[in-house]
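Residue numbering for the sequence shown follows the numbering used here, beginning at 1 and increasing consecutively.
What the hints contain is simulated information worked out from the structure, not anything from laboratory work. There's no promise every hint is true.
Said to hold, decoys possible - Computed beta-carbon distance windows for the label pairs: (1) ALA33 to ARG95: 27 to 35 Å; (2) GLY99 to ASP17: 26 to 34 Å; (3) VAL52 to ASP106: 22 to 30 Å; (4) VAL52 to ARG95: 14 to 22 Å; (5) ARG95 to ALA39: 23 to 31 Å.
Idealized CB from N, CA, C, for every residue including glycine.
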Amino acid sequence: MAELTLEQVFGPGTTQDASSITLLKSNMPGLTASSSNTAESLLVGIVLKAKVNLTADNQTSNPDQSITIADGFVPSYTVSNNIQYRQDDITLSLRKPAGSLAIDPDDY
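Using the sequences and the accompanying hints, generate a full structural model.
Printed below as a string of structure tokens:
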């Protein structure tokens with residue numbers, strides 16, 4: 001099988017050219033699209049959207065898929081400056097043939 005397409009990972013309307021990628025905020029689960037979304041909220045939206053198809057099950061049936069995204073364990077809680085925070089973990093796994101120890105985006 002082939003690698004997933006941009007639209008399969010990031011949603012309909014996703015495009016790229018030699019210097020940029022265009023993602024639609026409307027494809028990002030839970031994101032309220034605005035002109036002032038934070039970088040962190042956009043990153044979370046991108047990860048949540050990609051997690052839909054970049055699963056371990058899909059990787060098993062499609063060996064060309066190099067990346068999986070999975071929920072971590074039960075949320076943990078921490079306190080900082082007397083404020084309690086919930087911490088949710090998401091695991092991003094990158095698979096490539098053994099060789100270089102560096103993470104290189106071009107390998108995926």
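Verification of the supplied hints:
1. Remark: the range hint 27 to 35 Å for ALA33 to ARG95 is upheld by a beta-carbon distance near 32 Å.
2. The supplied range of 26 to 34 Å is met by GLY99 and ASP17, whose beta-carbon atoms lie about 30 Å from each other.
3. Under the hint 22 to 30 Å, the C-beta atoms of VAL52 and ASP106, about 24 Å apart, fit the expected range.
4. Between VAL52 and ARG95 the CB atoms are about 19 Å apart, so this pair conforms to the stated range of 14 to 22 Å.
5. Separation of ARG95 from ALA39 is about 27 Å and conforms to the stated range, judged on CB atoms against 23 to 31 Å.
The earlier numbered hints are all upheld by this structure, with none contradicted.
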